[in-house]
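Going down the list, the sequences are from chains Z and C. Following UniProt numbering from start to finish, the first sequence increments by one per residue and tops out at 558. Following UniProt numbering from start to finish, the second sequence increments by one per residue and tops out at 558.
Please keep in mind that the hints were generated in silico from the structure rather than gathered at the bench. Predicted model, so just to flag it, every value in this text is computed and none were measured. Treat the hints with caution; some may be incorrect.
Any copy, or any two copies together, can satisfy a pair, since identical chains are not distinguished.
[Said to hold, decoys possible] Under the rule of at most 25 Å between Cα atoms (straight-line distance), these lysine to any residue pairs were calculated in the SDA-like manner:
#1 Lys361 to Glu232
#2 Lys447 to Pro86
#3 Lys361 to Lys447
#4 Lys193 to Glu67
#5 Lys340 to Gly13
#6 Lys193 to Asp486
#7 Lys340 to Thr488
#8 Lys193 to Glu487
#9 Lys343 to Asp486
#10 Lys340 to Thr11
#11 Lys447 to Glu364
#12 Lys193 to Thr79
#13 Lys361 to Phe464
#14 Lys340 to Arg130
#15 Lys340 to Gly51
#16 Lys361 to Pro450
#17 Lys361 to Pro14
#18 Lys361 to Glu454
#19 Lys20 to Arg40
#20 Lys20 to Pro68
#21 Lys361 to Arg451
#22 Lys361 to Gly448
#23 Lys447 to Asp325
#24 Lys447 to Arg26
#25 Lys343 to Ile301
#26 Lys20 to Thr227
#27 Lys193 to Leu54
#28 Lys20 to Ile341
#29 Lys20 to Leu54
#30 Lys193 to Thr488
Number of protein chains: 2
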Amino acid sequence: MSTTVPSTAVTSGPIEGSTKEYRLVRHAYSDQSHVSDELRIPFRRVHLTNGEHLDLYDTSGPYTESEPVLDLDAGLARTRDHWRRPDPVDGAATQLAWARAGIVTPEMAFIAEREGVDPDLVRSEVAIGRAVIPANHRHPESEPMIIGKAFAVKINANIGNSAVRSSISDEVEKMVWATRWGADTIMDLSTGKDIHLTREWILRNSPVPVGTVPIYQALEKVNGDPTALTWEIYRDTVIEQAEQGVDYMTVHAGVLLRYVPLAAHRVTGIVSRGGSIMAAWCLAHHQESFLYTHFHELCEIFARYDITFSLGDGLRPGSIADANDEAQFAELRTLGELTKIAKSHGVQVMIEGPGHIPMHKIVENVALEEQLCEEAPFYTLGPLATDIAPAYDHITSAIGAAMIAQAGTAMLCYVTPKEHLGLPDRDDVKTGVITYKIAAHAADLAKGHPRAQERDDALSKARFEFRWTDQFNLALDPDTAREFHDETLPAEPAKTAHFCSMCGPKFCSMRISADVRAYAEEHGLVTQEDIDRKLAAEMDSKSQEFIDHGKKVYLPVV
Amino acid sequence: MSTTVPSTAVTSGPIEGSTKEYRLVRHAYSDQSHVSDELRIPFRRVHLTNGEHLDLYDTSGPYTESEPVLDLDAGLARTRDHWRRPDPVDGAATQLAWARAGIVTPEMAFIAEREGVDPDLVRSEVAIGRAVIPANHRHPESEPMIIGKAFAVKINANIGNSAVRSSISDEVEKMVWATRWGADTIMDLSTGKDIHLTREWILRNSPVPVGTVPIYQALEKVNGDPTALTWEIYRDTVIEQAEQGVDYMTVHAGVLLRYVPLAAHRVTGIVSRGGSIMAAWCLAHHQESFLYTHFHELCEIFARYDITFSLGDGLRPGSIADANDEAQFAELRTLGELTKIAKSHGVQVMIEGPGHIPMHKIVENVALEEQLCEEAPFYTLGPLATDIAPAYDHITSAIGAAMIAQAGTAMLCYVTPKEHLGLPDRDDVKTGVITYKIAAHAADLAKGHPRAQERDDALSKARFEFRWTDQFNLALDPDTAREFHDETLPAEPAKTAHFCSMCGPKFCSMRISADVRAYAEEHGLVTQEDIDRKLAAEMDSKSQEFIDHGKKVYLPVV
Numbered sequence: 001m002s003t004t005v006p007s008t009a010v011t012s013g014p015i016e017g018s019t020k021e022y023r024l025v026r027h028a029y030s031d032q033s034h035v036s037d038e039l040r041i042p043f044r045r046v047h048l049t050n051g052e053h054l055d056l057y058d059t060s061g062p063y064t065e066s067e068p069v070l071d072l073d074a075g076l077a078r079t080r081d082h083w084r085r086p087d088p089v090d091g092a093a094t095q096l097a098w099a100r101a102g103i104v105t106p107e108m109a110f111i112a113e114r115e116g117v118d119p120d121l122v123r124s125e126v127a128i129g130r131a132v133i134p135a136n137h138r139h140p141e142s143e144p145m146i147i148g149k150a151f152a153v154k155i156n157a158n159i160g161n162s163a164v165r166s167s168i169s170d171e172v173e174k175m176v177w178a179t180r181w182g183a184d185t186i187m188d189l190s191t192g193k194d195i196h197l198t199r200e201w202i203l204r205n206s207p208v209p210v211g212t213v214p215i216y217q218a219l220e221k222v223n224g225d226p227t228a229l230t231w232e233i234y235r236d237t238v239i240e241q242a243e244q245g246v247d248y249m250t251v252h253a254g255v256l257l258r259y260v261p262l263a264a265h266r267v268t269g270i271v272s273r274g275g276s277i278m279a280a281w282c283l284a285h286h287q288e289s290f291l292y293t294h295f296h297e298l299c300e301i302f303a304r305y306d307i308t309f310s311l312g313d314g315l316r317p318g319s320i321a322d323a324n325d326e327a328q329f330a331e332l333r334t335l336g337e338l339t340k341i342a343k344s345h346g347v348q349v350m351i352e353g354p355g356h357i358p359m360h361k362i363v364e365n366v367a368l369e370e371q372l373c374e375e376a377p378f379y380t381l382g383p384l385a386t387d388i389a390p391a392y393d394h395i396t397s398a399i400g401a402a403m404i405a406q407a408g409t410a411m412l413c414y415v416t417p418k419e420h421l422g423l424p425d426r427d428d429v430k431t432g433v434i435t436y437k438i439a440a441h442a443a444d445l446a447k448g449h450p451r452a453q454e455r456d457d458a459l460s461k462a463r464f465e466f467r468w469t470d471q472f473n474l475a476l477d478p479d480t481a482r483e484f485h486d487e488t489l490p491a492e493p494a495k496t497a498h499f500c501s502m503c504g505p506k507f508c509s510m511r512i513s514a515d516v517r518a519y520a521e522e523h524g525l526v527t528q529e530d531i532d533r534k535l536a537a538e539m540d541s542k543s544q545e546f547i548d549h550g551k552k553v554y555l556p557v558v
Numbered sequence: 001m002s003t004t005v006p007s008t009a010v011t012s013g014p015i016e017g018s019t020k021e022y023r024l025v026r027h028a029y030s031d032q033s034h035v036s037d038e039l040r041i042p043f044r045r046v047h048l049t050n051g052e053h054l055d056l057y058d059t060s061g062p063y064t065e066s067e068p069v070l071d072l073d074a075g076l077a078r079t080r081d082h083w084r085r086p087d088p089v090d091g092a093a094t095q096l097a098w099a100r101a102g103i104v105t106p107e108m109a110f111i112a113e114r115e116g117v118d119p120d121l122v123r124s125e126v127a128i129g130r131a132v133i134p135a136n137h138r139h140p141e142s143e144p145m146i147i148g149k150a151f152a153v154k155i156n157a158n159i160g161n162s163a164v165r166s167s168i169s170d171e172v173e174k175m176v177w178a179t180r181w182g183a184d185t186i187m188d189l190s191t192g193k194d195i196h197l198t199r200e201w202i203l204r205n206s207p208v209p210v211g212t213v214p215i216y217q218a219l220e221k222v223n224g225d226p227t228a229l230t231w232e233i234y235r236d237t238v239i240e241q242a243e244q245g246v247d248y249m250t251v252h253a254g255v256l257l258r259y260v261p262l263a264a265h266r267v268t269g270i271v272s273r274g275g276s277i278m279a280a281w282c283l284a285h286h287q288e289s290f291l292y293t294h295f296h297e298l299c300e301i302f303a304r305y306d307i308t309f310s311l312g313d314g315l316r317p318g319s320i321a322d323a324n325d326e327a328q329f330a331e332l333r334t335l336g337e338l339t340k341i342a343k344s345h346g347v348q349v350m351i352e353g354p355g356h357i358p359m360h361k362i363v364e365n366v367a368l369e370e371q372l373c374e375e376a377p378f379y380t381l382g383p384l385a386t387d388i389a390p391a392y393d394h395i396t397s398a399i400g401a402a403m404i405a406q407a408g409t410a411m412l413c414y415v416t417p418k419e420h421l422g423l424p425d426r427d428d429v430k431t432g433v434i435t436y437k438i439a440a441h442a443a444d445l446a447k448g449h450p451r452a453q454e455r456d457d458a459l460s461k462a463r464f465e466f467r468w469t470d471q472f473n474l475a476l477d478p479d480t481a482r483e484f485h486d487e488t489l490p491a492e493p494a495k496t497a498h499f500c501s502m503c504g505p506k507f508c509s510m511r512i513s514a515d516v517r518a519y520a521e522e523h524g525l526v527t528q529e530d531i532d533r534k535l536a537a538e539m540d541s542k543s544q545e546f547i548d549h550g551k552k553v554y555l556p557v558v
């Protein structure tokens, strides 16, 4: 790997108020219990001022350790190489094949501890294809994670340079930066020169699975003329990327010749790059897509490395007007066929989804995907709930993303404020990631994920008790929360003030509320029944007492 | 009015790419058809580069005219004073009383033209209390608007200074600024000194209805001691504000003594300022809230000015943990009782709603509100779908807001990025407004509002045709969209380039897609049937032709 990125080029050190911790787990295959692997499961510990702490799922890799030893040139430790890998099952060396064979792999055990679930839930969800573990054998630096609706909703951050701007160094930092804030996977969508080298730098240094769209690089190899593409060029590109360690690949194998005209009279035609490339190829050759006709061969390659298919929605709608149309759903039916083929090869599959969808048409997308694709994990881009807010499409899409995740989508591809307008910079990447963490977490709450509400409760409790520092540190973005607070009340004592700048000391409802609680506790109003009973009996005589107490309510503490 | 705000202190002039237009409508009461009022209905015309235009609902008042004549000291023209006002019906000079009597008022005619609906729909929705027209007779400067689920979803922007910071001049500019970007109403939540004067400046210069929470000013009058409040002090404050022209008032009359202990053991107690003030009063006096016991008297005052009740949810949940609890719903039942009382006085009513609600508990809020409060318009603050993202609560709440509006909420109170952290500045106000316009519009689309999708389609068509300038000008925030684009491709010719910075010239799916369409049209593939038929018959022989055509695809235009 040519050294072009100094280790100082990436952000490192703990997130404010947190430390990086590892939980050690010994894992042994059930049939080989005399040998075991040591797994170090990472998490982020938020230290609270009241002595408590909260442990959070963490995607940031060693970069957030207190004193990380970084060598970007060497890459991260090849941890998974030291774990024992089961033998292939029917030619497939994949998590799917092993799960079907009843084997709980080290990756599954790692994930179970990370998600706080039973290892056999991980195995069984993978076995029936309702969850995937993208983990190419040649990306041993990655920390195992799972994508499936029985688990926490995940988010992906797209990075990658284009012909117009951006450098390798920028992209490596974007990867580190995106995972720092919670990206569960990264897609490298580079289309410019140095496409191979950029990917190598990202893969060797990425603690999360990396996805790509191989057709982009294949197109570079034919100087950008899609009609000059061939199966052989594409296949060789896939193998090149497989050898590098790409964990999942978007393949637009559902864009069939006969579907292309369905998109011709749309308001926004074909908006997927891969979809439009394949459409152009199909029309030019008047042949069926080589991705479709060679799909079995592709599956054999994927099975060797355990690459996960991300079956691309090349005909996804690019506008509200085109949502849920025949072109989109025709392709989805084909993705359903391909899902069955891939699984018959022991290859893991997820399905990509739209795009631009008005709210009332969102649930239909999930229902149809589950029906047609055997509940393979759905991986959607947003969707944007309206077209009218360029520069705010992280928000238009967070609305759709939260709703589609509530309905069952397993992973959300982020959208940044630059969507439709330009390439995201570092700030945009952070905004996109935080926004999508919100959508994913809102869905986890709505789905009743067992650990989700812990964080809301901890933060709300801190808010109610005026533990400002804890409120910041428990936030998705402690730095910005602190900064916004300090704009109004910058003095350090204000961090412990029993009021805030919105209402000032006299109007603070939280303060009054605390007094109400104190009053209730003072008077033994502990349960609802107590409250009802005692209120009737006692309150009359106590009102003067509350007045005395109440006179103190508005004295500022600072 | 003491002159402290120069006219140069507010933002004026058209929004980029648009002009302010007025449509003239003559309106006569059906029973007095020989006399009519001339109504000038404002809208914003977006001029497109292809010679077309799109007219949009506009809330910005004369400030966005090309050469506005502004005199903040004199205030806006008192337009509604020149319209004939029907006689009171049963003592009530209200839109509700007139609607019930079958009268289409000038305000209703104005709204019908503005919303593009039949005037009798406006009248009938007001008559049954499913919509309100907040329009105090003493705020004749306002342009009539309607809040109800049969109409476009509206948004409110809160402004107002506090003891800690902000000036009158800042607040007037925030009002102008918020309405420029689409705020349908403004609430002045000032709590510091100069509360009367600030409100006067805002009212005299506001083209949209203004709401307040009178208890805030009443509390100032008793030096911040809630236990010192009395009905008389509150009543006099309401009359003072009524005389100034406040269009709707939040009244926390549903916070009853017996509900207060229900909130004592919540994670975040009582988070509504008004709610906590009344709770403190009730506990201190061990008496029922004077807002509740004097509610009839309050209705009589409201009926004289046509002030609309915004029945406050003083016990709204302030955290995910407290959502949909007994305290919240007990108060809602009382608001239902009060709704009936207000309507019996001919007074218009809307109902305020939460707050912090996880997605799966949102719909229940709307269903219960409609059931208990006779479908009075619901007016919700967000709700935030999670607690964990201070500094991004415009986004956490936009998710909830879009969903609750889809379910039937008529007006959304915005949340800015500073929520929970500090007072919003001018930028925060804009971010909050734009974010809530997104949520409202997403709901309009989902509800099938007849005009909503026009704008999405126009913008998406512009996007597909690479009319960059039109894409910017049709956006909710043209300035930021343009700025983001220009960061990557600043040259003016790039505005007509047939590609953008995300993919560069070679990878542009929109370009390929345009070629697919050109190909389809060239070959007569106009309807779906044509496509199916001709594809089978002709495409084989045409592939070479497409290749020739395709070779041109990737030549950059600039």
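Do the hints match the structure? See the list:
no.	hint	in the structure
1	Lys361 to Glu232	neither (39 Å within a copy, 53 Å between copies)
2	Lys447 to Pro86	neither (34 Å within a copy, 53 Å between copies)
3	Lys361 to Lys447	both (20 Å within a copy, 11 Å between copies)
4	Lys193 to Glu67	neither (34 Å within a copy, 51 Å between copies)
5	Lys340 to Gly13	neither (44 Å within a copy, 60 Å between copies)
6	Lys193 to Asp486	between (44 Å within a copy, 23 Å between copies)
7	Lys340 to Thr488	neither (58 Å within a copy, 42 Å between copies)
8	Lys193 to Glu487	between (43 Å within a copy, 21 Å between copies)
9	Lys343 to Asp486	neither (54 Å within a copy, 46 Å between copies)
10	Lys340 to Thr11	neither (42 Å within a copy, 60 Å between copies)
11	Lys447 to Glu364	both (18 Å within a copy, 16 Å between copies)
12	Lys193 to Thr79	neither (31 Å within a copy, 63 Å between copies)
13	Lys361 to Phe464	between (38 Å within a copy, 22 Å between copies)
14	Lys340 to Arg130	within (13 Å within a copy, 51 Å between copies)
15	Lys340 to Gly51	neither (52 Å within a copy, 51 Å between copies)
16	Lys361 to Pro450	between (28 Å within a copy, 17 Å between copies)
17	Lys361 to Pro14	neither (41 Å within a copy, 35 Å between copies)
18	Lys361 to Glu454	between (32 Å within a copy, 18 Å between copies)
19	Lys20 to Arg40	within (12 Å within a copy, 63 Å between copies)
20	Lys20 to Pro68	within (10 Å within a copy, 58 Å between copies)
21	Lys361 to Arg451	between (30 Å within a copy, 18 Å between copies)
22	Lys361 to Gly448	both (23 Å within a copy, 11 Å between copies)
23	Lys447 to Asp325	between (28 Å within a copy, 19 Å between copies)
24	Lys447 to Arg26	neither (31 Å within a copy, 54 Å between copies)
25	Lys343 to Ile301	within (13 Å within a copy, 72 Å between copies)
26	Lys20 to Thr227	neither (50 Å within a copy, 49 Å between copies)
27	Lys193 to Leu54	neither (44 Å within a copy, 42 Å between copies)
28	Lys20 to Ile341	neither (41 Å within a copy, 59 Å between copies)
29	Lys20 to Leu54	within (12 Å within a copy, 54 Å between copies)
30	Lys193 to Thr488	between (47 Å within a copy, 18 Å between copies)
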